[in-house]
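J.: The chain contents come next:
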Amino acid sequence: MTSGRGLPRLAMRWISFAAASVLLWPVLPWKSSPKFVVQLSPFAAISSSIALHSVGTGAAIGLGIAFLALMRRRWFCRYACPTGLLLEGVAKIGFRKNSCWSRCPQVGRYAALLTFAGAAVGYPVLLWMDPLAIFSNSFAIRGVATMISGSLAGLGLAILIVLSLTLGGIWCSRLCPLGGTQELLASAKSLFENRRSGRPDASACGRSVNPVFFARRAFLFGGAGIGMGWLAERIGVARGEKAPLRPPGAVEEKRFAGLCLRCGNCIRACPSRIIRPDLGQAGVAGLLAPRIQYGIKYCVENCSACTQVCPSGALQKLDLERKRRFIIGEALVDGSLCLLALSRKDCDACERSCPFDAVQITWDEERYVAYPMVSTAKCNGCGACEVACPVEGIKAIRVWRRTD
Amino acid sequence: MSKELTRRELMRSIAAGGLVVAGTMTPLSSLLANQAEPVAVRGPQPPGPPVARTPATIAGGKVIQPRRELAILHKTGVLVVGGGPAGTAAALSARRLGVEVTIVERYGYLGGLATGGLVLAIFPLYDRNNKQVILGIGEEMMNRLDKLKFGIIERNKGPVYPTVDAEAFKYVLADMVLESGMTAYLDCWGVDAILDGAGAVRGAVFESKSGRQAILADVVVDASGDGDIYAAAGAAFVKVKDSIGLDSRIGNLDIEDMVVETELGNQRKREFKSGVRDNIHGGRPTRGAPVTTLDGFVGSPTPAPHVNWMNMKGPVADGLDVAELSMLELKHRRALWANLERARRKPGAEQAFIVETAPQMGVRLTRLLGGVKTLTMNEARSETKFKDSIGYGGMFGVAPEFQIPFGCLVPAKLDNLLAAGRCVSADFPLADTLRLIPICWVTGQAAGVAAALSIKDKCKPREVNISKLQNTLRQQGAYLG
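Protein sequences, first through last, are from chains A and B. Just so we're aligned, residue 239 is where the first sequence starts under this note's numbering, counting upward by one. Just so we're aligned, residue 690 is where the second sequence starts under this note's numbering, counting upward by one.
No lab work stands behind these hints, which were simulated from the structure alone. All clues stand as given, with none of them false.
The list that follows gives simulated cross-link-like pairs (lysine-lysine, BS3-like), each with its CA atoms no further than 25 Å apart:
hint	chain 1	residue 1	chain 2	residue 2
1	B	820	A	583
2	A	583	B	859
3	A	535	B	820
4	B	1020	A	583
5	B	846	A	583
Simulated coverage check for chain A against chain B, where a stretch passes if three residues somewhere in it have a Cβ under 8 Å from a Cβ of chain B:
hint	segment
6	565–573
7	603–612
To give a feel for the contact side, a few chain B residues facing chain A, derived at Cβ under 7 Å:
hint	residue
8	974
9	986
10	988
11	999
12	1002
13	1004
14	1024
15	1086
The C-beta atom is built at its ideal place from N, Cα and C for all residues, glycine as well.
Sequences and hints are given; from them, build the entire structure.
T.: What follows is the structure, encoded as structure tokens:
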């Protein structure tokens, strides 16, 4: 590239970086702004569209970028990627600018292939490698209430930074699946053009694309992706009541873990700070996906923030009315811990706290004791009762995943 | 001879008259005030002065109570009807402003549900930051309990709230009332209001072993819990029903049914040492009623060692219906005995016995005053501020600490009467919080101070200067924010 074109390009990259940071940092009154940063990714857009079997409005931006990448090879990396700019800067001050990894294969490409193939069977295997999601997730540090989850939120970007410090530009040029997606698109385009022009060995950056070689790789990784997606969905996803509570708007559990980009937008958006990254309780496939853990606050009835910021559609956008009716889980009473049921205290904290009048203290004439009864029809699992329950340690009323 | 006899008869009748006066009219305070009093003579007593008997008669199938004049037992400044948490707080705080105070209590002890009802939990006291927002007279009572062995536990440990010993609390209240120099009548049931020509309250009518008598007062504080006096005077009210249980104390427990933490695998599980467990592995509970037979309760600790208190929610019932109350109390006692026998099967509780069942049932709410201001749950939740705030209620569940306005204590129309305690003016959801003991202290103290100020300033209670009321409450140590 010439120095004449370098300056405007650098300016555009910085503008992109600043814009992404502003959109992700919740200073704007525009609450759904964070999702647009991650939606830029063609990798995420294609994977999500395949997994959802539909092209949603959210995927439009990413598919647009994909089109631009078709026109200009690696257009996104060169002009817009905030993660790329950051890592390039880090690599410049790094210990080694060598390229001992120059013979490393194009992992990013195969990662993208693997993911698309997995998406076809419902689990986009390496979707969490999306650099924009990783960038976005690092902003979630301030949104998470605990040390462990907080540090996990920044872990992805930290790994990339360490990688860049030690090995220079390996991420961008070899590992990044977003870059790989663009490479795939460019290869596909050149293959298509070659067939039309009849020239077998010309490609955009001089490297030849061998159609047989390409097809073999595509077949191999596609198959592996399908296998891994299938396996992840069968083994790695918790089922039934063992599945964790997901934020409102979550798609069905077996697809949720795959669709989620781990971008941390929902974690950051939650004013109650009850959305935490899952630490593997819900199976390996669900690692770092958001789960609800009620702490000092519950899922308040006048908020639908998390459903507004999801870039992938793992959390469907819900208005307040639909969000109130969305079933996160159901509150169940453990009579062996309940102060009222044990005649220890005249407690009715759960009944008082329920915003939906779903909890009713009921007198049982036969047992001559009162206990809280939860109306399954009214309870959406918002956790107000669990938060209000004064029992220390394990609460007497807790929200459980609904099994029916 | 005849002269001497006549004189002896005269002497006798004077002595007998004195005895009658001593028996019927000597208040608690004068009994201990070292006043000279005639020595009671054991055995048959001489006839007293003739009393006009006016029994009810049946006329045409109806029972008719004849019109009659009532003896005036006493005249006072502030008359407090009811000696529970609100009544004692009202009487003590009014007395401190130097006015004459008379307190009348239906049972033979003071403290109402906090002692006789065995509602031993002093809740809610704290705001969201665990700062105590209910002080004043109630805090003084708890300070006195602090000094007694086995008087009170869990003090100043918010959000954990204190538990008191009922007998220690009865003693503290008796001590404070005797010290204050007020007049007290126990075992004396307020049954009617006395109105003047203008419709303002001028006192109340009481039934006791001395019969039906009147006490005249400048201002009446209705701390009866059920609003008996304002209802009798014709003030507007809302009748409500709530659960009615019967608390008890169970003693000789080897175990304290405290929660113990045990290590079970990797997870910390909690279990009740003697408790029943729905699911031993902490697994998923079932929908609806608990799976296990929840029985054999032993309650939670009290200040007295090896003695627990047990709460009972009870069914929803009418607290103003004597037939319903009677049946309920009998059934409650039967159930408590059945529970004791089940509890004895548990390790550590084999030798347990019921120390006492509460002398009075846990009637929660019956009448809610139609006041100048009806405080609502929405106002409390949205932390509404009031110019005539007289104190705070503590945080309860999702409802934060909230201000209580003076208007809640003032009947919309009726004059010379203030309500205090659970029968003040509020909507039902909030009344369910206002009925709790510390908040009864707050409304009681405010009603007492307002009643005393209205006498000193010669105005109606509803026209009491609010800033003066608030300043006086602050001087008495109350918390007003």
